[in-house]
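Trainee: Chains as they are written, first to last, in the numbering used here: chain W, 1 to 299; chain V, 1001 to 1277.
Simulated from the structure, these hints should not be mistaken for lab results. Please note: incorrect hints may appear among the correct ones.
Stated by the list, open to error - Cross-link-like lysine-lysine pairs, in silico, DSSO-like; alpha carbons within 27 Å at most:
#: 1; chain 1: W; residue 1: Lys-293; chain 2: W; residue 2: Lys-207
#: 2; chain 1: V; residue 1: Lys-1171; chain 2: W; residue 2: Lys-8
#: 3; chain 1: W; residue 1: Lys-4; chain 2: V; residue 2: Lys-1090
#: 4; chain 1: W; residue 1: Lys-181; chain 2: V; residue 2: Lys-1272
#: 5; chain 1: V; residue 1: Lys-1169; chain 2: V; residue 2: Lys-1090
#: 6; chain 1: V; residue 1: Lys-1169; chain 2: W; residue 2: Lys-8
#: 7; chain 1: W; residue 1: Lys-181; chain 2: W; residue 2: Lys-207
#: 8; chain 1: V; residue 1: Lys-1090; chain 2: W; residue 2: Lys-8
#: 9; chain 1: W; residue 1: Lys-199; chain 2: W; residue 2: Lys-293
#: 10; chain 1: W; residue 1: Lys-194; chain 2: W; residue 2: Lys-184
#: 11; chain 1: V; residue 1: Lys-1006; chain 2: W; residue 2: Lys-194
#: 12; chain 1: V; residue 1: Lys-1090; chain 2: W; residue 2: Lys-293
#: 13; chain 1: W; residue 1: Lys-199; chain 2: W; residue 2: Lys-184
#: 14; chain 1: W; residue 1: Lys-194; chain 2: W; residue 2: Lys-181
#: 15; chain 1: W; residue 1: Lys-293; chain 2: W; residue 2: Lys-181
#: 16; chain 1: V; residue 1: Lys-1006; chain 2: W; residue 2: Lys-184
#: 17; chain 1: V; residue 1: Lys-1006; chain 2: W; residue 2: Lys-199
#: 18; chain 1: W; residue 1: Lys-207; chain 2: W; residue 2: Lys-194
#: 19; chain 1: V; residue 1: Lys-1006; chain 2: W; residue 2: Lys-181
#: 20; chain 1: W; residue 1: Lys-199; chain 2: W; residue 2: Lys-181
#: 21; chain 1: V; residue 1: Lys-1272; chain 2: V; residue 2: Lys-1171
#: 22; chain 1: W; residue 1: Lys-293; chain 2: W; residue 2: Lys-184
#: 23; chain 1: W; residue 1: Lys-184; chain 2: W; residue 2: Lys-207
#: 24; chain 1: V; residue 1: Lys-1006; chain 2: W; residue 2: Lys-207
Only a predicted model underlies this, so the values are computations on that prediction, with no experimental measurement involved.
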Amino acid sequence: MSNKWLNKISSFFVSLKSQPMEIVLFLCASFSIIILFLMLFFVAREGAVAFSRFGSDLLFGMRWNLETNLFGGFPLLYGSIMVTFGALLIAIPIGVCTAIFVSEVLPFYLRDPIKSIIELLASIPSVIYGFIGLLLVVPFISSVFGLVSGQTALTASLILSLMTIPTIVSVSGEIISAVPKEYKEASLGLGATKWETIKTVVLPISKSGILASIMLGFGRAIGETIAVSMVAGNQAHTPSSYLEAVYTIPSFIATHMGESAVGSLEYSALFGLGLILLIITFIVNTLADIVVKRGVQHG
Amino acid sequence: MGSQTKERIFFFALGVPVVICLLAFFWIAATLFTGVGTLNLEFLTTSALQGGAFEMIVGTIYLFLGAAAIAGPIGVFAAIYLVEYAPSGKFTRIIDQAINNLAGVPSIIIGLFGYTFFSRQLGFGISLMAGWLTLALMILPIVIRGSEEAIRIVPTSFKQAALALGATKWKSISLTTLIAAAPGIVTSVILGIARVAGETAAILFTSCVIITRGLPASPLEPVMALSFNMYVQIVARGEPPENVFGIALILFFIVVIFSLVAIILRVYYRRKQPWLH
Chain W
1 MSNKWLNKIS
11 SFFVSLKSQP
21 MEIVLFLCAS
31 FSIIILFLML
41 FFVAREGAVA
51 FSRFGSDLLF
61 GMRWNLETNL
71 FGGFPLLYGS
81 IMVTFGALLI
91 AIPIGVCTAI
101 FVSEVLPFYL
111 RDPIKSIIEL
121 LASIPSVIYG
131 FIGLLLVVPF
141 ISSVFGLVSG
151 QTALTASLIL
161 SLMTIPTIVS
171 VSGEIISAVP
181 KEYKEASLGL
191 GATKWETIKT
201 VVLPISKSGI
211 LASIMLGFGR
221 AIGETIAVSM
231 VAGNQAHTPS
241 SYLEAVYTIP
251 SFIATHMGES
261 AVGSLEYSAL
271 FGLGLILLII
281 TFIVNTLADI
291 VVKRGVQHG
Chain V
1001 MGSQTKERIF
1011 FFALGVPVVI
1021 CLLAFFWIAA
1031 TLFTGVGTLN
1041 LEFLTTSALQ
1051 GGAFEMIVGT
1061 IYLFLGAAAI
1071 AGPIGVFAAI
1081 YLVEYAPSGK
1091 FTRIIDQAIN
1101 NLAGVPSIII
1111 GLFGYTFFSR
1121 QLGFGISLMA
1131 GWLTLALMIL
1141 PIVIRGSEEA
1151 IRIVPTSFKQ
1161 AALALGATKW
1171 KSISLTTLIA
1181 AAPGIVTSVI
1191 LGIARVAGET
1201 AAILFTSCVI
1211 ITRGLPASPL
1221 EPVMALSFNM
1231 YVQIVARGEP
1241 PENVFGIALI
1251 LFFIVVIFSL
1261 VAIILRVYYR
1271 RKQPWLH
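Same shape as in the complex, but just chain V:
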């Protein structure tokens, strides 16, 4: 009996930090929601030149969609290689290590690299293109890891059936494994988008400006973004944080929606895939 009470006390003590985590999240969400009053349709659709947020919202969407379009295919191909083709040798281990290291590079360094390499060396300048490539580097490890997991749980019998029918290895993978893994792959891309939609440090020097005349006409033009605008208005211009409440809220919504979709998709498909049980 004594040990049981002791156990209860321990578990209670362990539960306190969990409650702190939950409270932190709800506290952040509740604080942000106090600013809902600053949001209205007009703010969303008015040009930034007239005090709205239209170009920032579209700019943010442009940035993460382009980055996902670049990192998605490369990441999925890399995952296929690692799961289906890679021999278990030293080089594969190095690739694996490199992916982890890339995921751990601070975003400010990704930004520095993006500036010297994409903006200057490759001549993209401060542009949407440079931002896409820079952000793609941040999405890539997330897509690779997520897709790897999705591909790994597809039963090999699917692929073997195709191989037995005479399909080549690549054909059988692309026709069976990839299709079965598609929901997991899509989830990983959405998760990657959630990670970079609010990214600031990586686009600080590579693709953003504080104001543009309308939307960028080509990928070689600079772009406005919600995160960049928040940061510059607060840090460089010293405006009180209350002034960017609307922008903060839109950004929060975008990121949370993407994360939630990814999380729900993952839970849903884990339950739905019959071969897992």
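With the rest of the complex left out, here is chain W:
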């Protein structure tokens, strides 16, 4: 066993010697891994002080107060989850229906143009989404619900859903288009209508891919910073309704990093929150990948 490994390792180094270009390519490919480790290490290092001092209170404490040195992020976690949940509630039905429609129902010559427009929607920067939100959605919400300020969790969810839809559409659209043509033809040949084929053949095969696209959308929504911080009202509390202002973890980091002194307890607490966010997105993205791969094997 050990001999086999030794051989493997030595032949690896021999191959490195004979092909210098291959080493360069290999290093470039490994770059992403190195960066991820560095990212985890450095964000964790800066957040370590806050973690050792507050432990789980960093996530579940109710108060964030500079004077009393209390840093509890629960209202922020609550706000993040609330806004993300609201956004997904809107984005999932719209995104999944769009994906099915574009890849199964729409005539071929319309597919590329529509996909391109959705892709354009994805490329609009978040600061522009925030700007549009302030210009249109905030006054709209405040006039419809008779609120003093239209900067609410609902506003943030609406804007965020627009930003999440393209992710859901492109990922699940890709999976839906990848369903083998033969399967669909077999179903149609047996006399099923197109809708029945979608329902009984296409959707069961692509359901894991659709689930993965929703998870990726979740990852995108919970990490969104700029647009949310512009329209959510930014008040750290645990609101009972979507018509109140909220603060999310990423927008709190964005607005507080500038004022907190490097090395201070608040600075460390912000990195602690960042680490939590990083770990959440790691888990969600990894799960999404596993779900897609398993779905492909089964399909």
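Given chain W's structure and the hints, the job is docking chain V onto it.
Mentor: Relative to chain W, chain V alone:
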């Protein structure tokens, strides 16, 4: 007949969300276009010290060009490795997973990391350089994925012809596969630029300031950017959004132009590459 009507109703219902998506885009575009009046050549070319946007525009261009110059080669090399060299083993799967995870890291975390690592640990400070490196991390997964696809669709017979003529593996890849894949690779880089041209969170702590005296003289100086300026003016200074209409519009144009070029290039070359049919 009954099932056909039912089908029509279902398809109609499915079509509604699509229309919502399209309307959303045109609504955003139409809203922005109401601000076209605030744009004129003078605004574009006047220094920010005199109320123009010149340094912000150039700063934004500096930022995304530098980031693309860093991420481009690394991304293409990584893609070549993954398509042409990588053995199908555990480590390759880990690399693949890492690229997906990097693509999914929220930009604010990329910004936090850029600040602690590039600005402080490596000592680049709040600078163009720190911004380049930070944004490069966001472009990288896009370039890798796009280039991978471009390289994968090049027929192996191209490479085999070169190998048969006695070229080494690397030579045959760089002389045939890479050239055939070049349009796809360029497209992926442009797409990456479109993604980061309007990025705010990642440059918030790493490279931008609200006003500079002229353009940065070296990569170690801070820079102005359209997105950063919009954000700070609205959130930190509490200005009404109407006041940054001009900046928003320029940023929107830059991003949409890059995205459109990438999309058109992709559609065009997909049709043009004869070996795909």
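Trainee: Look at each hint and say if it fits the structure.
Mentor: Each hint tested on the structure:
no. : hint                    : in the structure
1   : W:Lys-293 x W:Lys-207   : 12 Å, holds
2   : V:Lys-1171 x W:Lys-8    : 26 Å, holds
3   : W:Lys-4 x V:Lys-1090    : 17 Å, holds
4   : W:Lys-181 x V:Lys-1272  : 24 Å, holds
5   : V:Lys-1169 x V:Lys-1090 : 23 Å, holds
6   : V:Lys-1169 x W:Lys-8    : 21 Å, holds
7   : W:Lys-181 x W:Lys-207   : 17 Å, holds
8   : V:Lys-1090 x W:Lys-8    : 14 Å, holds
9   : W:Lys-199 x W:Lys-293   : 22 Å, holds
10  : W:Lys-194 x W:Lys-184   : 9 Å, holds
11  : V:Lys-1006 x W:Lys-194  : 11 Å, holds
12  : V:Lys-1090 x W:Lys-293  : 14 Å, holds
13  : W:Lys-199 x W:Lys-184   : 11 Å, holds
14  : W:Lys-194 x W:Lys-181   : 13 Å, holds
15  : W:Lys-293 x W:Lys-181   : 20 Å, holds
16  : V:Lys-1006 x W:Lys-184  : 19 Å, holds
17  : V:Lys-1006 x W:Lys-199  : 13 Å, holds
18  : W:Lys-207 x W:Lys-194   : 18 Å, holds
19  : V:Lys-1006 x W:Lys-181  : 24 Å, holds
20  : W:Lys-199 x W:Lys-181   : 15 Å, holds
21  : V:Lys-1272 x V:Lys-1171 : 25 Å, holds
22  : W:Lys-293 x W:Lys-184   : 21 Å, holds
23  : W:Lys-184 x W:Lys-207   : 15 Å, holds
24  : V:Lys-1006 x W:Lys-207  : 23 Å, holds
Taken one by one, the earlier hints all hold for this structure without exception.
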